[in-house]
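Put chain B on the given structure of chain A with help from the hints.
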Amino acid sequence: MSDPITEADLLAYVDDQLDPARRIEVEEHLARDPEAAARVMADLKDRDALRLLHATPLPRPAEPMLAAADRLERALGWQEIGLKLRRIAAVVALIGFGWFAHSQVGLGITDSEASPKPPAFVEDALHSHETSLLRARMVSQPEVEDYDPAEILAETGIRLPSLPRDWQVRDAQIFPSRHGHSIEIAIDAGDLGRVSLFAAQTPVFDVIAPLPARFEKATAVYWQTGQLAYALTGTGSDKALERAALRLSREFQ
Amino acid sequence: MNDPKRIDVIGLLGPLRRYARSLTRDDTQAEDLVQDALVRAYERHGSFRAGGNLRGWLLSILHNTFIDGRRRRLAEVRRLEQATELVDTAALPEQESRVRLQQVQAAFMSLPDVQRAALHLVAIEGLSYQDAAITLNIPVGTLMSRLGRARAALRAFEAGTSVRPSEAGRPHLRIVGGSDV
Numbered sequence: 029m030s031d032p033i034t035e036a037d038l039l040a041y042v043d044d045q046l047d048p049a050r051r052i053e054v055e056e057h058l059a060r061d062p063e064a065a066a067r068v069m070a071d072l073k074d075r076d077a078l079r080l081l082h083a084t085p086l087p088r089p090a091e092p093m094l095a096a097a098d099r100l101e102r103a104l105g106w107q108e109i110g111l112k113l114r115r116i117a118a119v120v121a122l123i124g125f126g127w128f129a130h131s132q133v134g135l136g137i138t139d140s141e142a143s144p145k146p147p148a149f150v151e152d153a154l155h156s157h158e159t160s161l162l163r164a165r166m167v168s169q170p171e172v173e174d175y176d177p178a179e180i181l182a183e184t185g186i187r188l189p190s191l192p193r194d195w196q197v198r199d200a201q202i203f204p205s206r207h208g209h210s211i212e213i214a215i216d217a218g219d220l221g222r223v224s225l226f227a228a229q230t231p232v233f234d235v236i237a238p239l240p241a242r243f244e245k246a247t248a249v250y251w252q253t254g255q256l257a258y259a260l261t262g263t264g265s266d267k268a269l270e271r272a273a274l275r276l277s278r279e280f281q
Numbered sequence: 280m281n282d283p284k285r286i287d288v289i290g291l292l293g294p295l296r297r298y299a300r301s302l303t304r305d306d307t308q309a310e311d312l313v314q315d316a317l318v319r320a321y322e323r324h325g326s327f328r329a330g331g332n333l334r335g336w337l338l339s340i341l342h343n344t345f346i347d348g349r350r351r352r353l354a355e356v357r358r359l360e361q362a363t364e365l366v367d368t369a370a371l372p373e374q375e376s377r378v379r380l381q382q383v384q385a386a387f388m389s390l391p392d393v394q395r396a397a398l399h400l401v402a403i404e405g406l407s408y409q410d411a412a413i414t415l416n417i418p419v420g421t422l423m424s425r426l427g428r429a430r431a432a433l434r435a436f437e438a439g440t441s442v443r444p445s446e447a448g449r450p451h452l453r454i455v456g457g458s459d460v
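Protein chains in written order, with the working numbering: chain A, 29 to 281; chain B, 280 to 460.
One chain only, chain A, in its complex shape:
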């Protein structure tokens, strides 16, 4: 036996506060000490008697007591919820601070980078838009106002949407592109001003609803239907350009 059994051990034995190993040591001690055993048994009996005496069911609490208990319960409940909310608020504040700090330091992604990176053909569209503006300025470069979508489709496999009636085609050019041909159509588009409709073949089948891509000098709204990619480029208002692009893109749906 390691530790001698003390009065405190006997007390704790009666109150069931000992770990099993110590209980066994106490019981070994009691087996050899009848006087202590008798005392412990008397204590156990008193304890059980008290428990039995106080186990009698109590009458239903009076209404004011139930009301007071209920009020306290709700107050404590709200307190718990309040604590949870404070914790959530703290987390939100931390995230917000991180966000702020991140963007201040410049590690975070900026807004324009956060929107999807436009596919390569959009850049082609921008270049051909600039080329068509150049052609329009140059007297030695005659514009071709004959616009024959059926012929273009037959020769290049590129299908072009029919244009709104008030749009005037000023030029139509076929360019070589990364994946076959591309078409650049320069248009006087009423309120939108001078716009370019660009269409090209792409290697990847995809369906993209019209999305704007803003560049320094112009905005291109691009979309893709299967293997054909389109872009409407211009300098007019973004909203109007998007609306126009949306109308054109719907023709193939």
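Hint data in this document are derived by calculation from the structure and do not stem from the laboratory. Glycine is no exception: its CB is placed at the ideal position from the N, C-alpha and C atoms.
Residues from chain A that keep clear of chain B, each with C-beta distances beyond 10 Å, as calculated:
no., residue
1, D152
2, T159
3, E173
4, P189
5, G218
6, L239
Cβ-Cβ distance ranges computed for the label pairs, FRET-style:
no., chain 1, residue 1, chain 2, residue 2, range
7, B, E437, A, R99, 38 to 48 Å
8, B, A329, A, R242, 46 to 56 Å
9, A, R114, B, G290, 21 to 31 Å
Coverage of chain A stretches by chain B, computed from C-beta distances (three or more under 8 Å per stretch; other residues unrestricted):
no., stretch
10, 34-45
11, 59-71
12, 87-95
13, 105-118
Leaving out everything else, chain B in the frame of chain A:
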């Protein structure tokens, strides 16, 4: 047993009322004490640590309410007659055991307040020494010495002898458990 996370004051009314009865030794005063303790708990509900031991917190408030109140002196006057009344209201087994139980109850009710409170929390409510000591706001050693004296007094009462206060002594200190050990 109880989920300590859940706020269930109604479910703790039983332990509170039982403890109040042991403290006041009077049914009516016990009910008033619980009521007062609930009001006091509401007033200082901000002091309850979320996720803490609600039973211990409420028992402690009840105990302090009892200590502070005048009912303590009032209760003293009515001590013995109430002790027997309590037993009469209880539904108890056979005649012989009934007499013995009445003796235990009478002995329990004749204990000094501090010993009765300690014995009630540990023996009847089954609190750990740690929790009971926290509830009574006393060191564990003090709690154990009160328990020891209370037990010695009960044994002496039944043996028909009186116990000298020093007889049980202060038990050798040994921490034997508790919720945070």
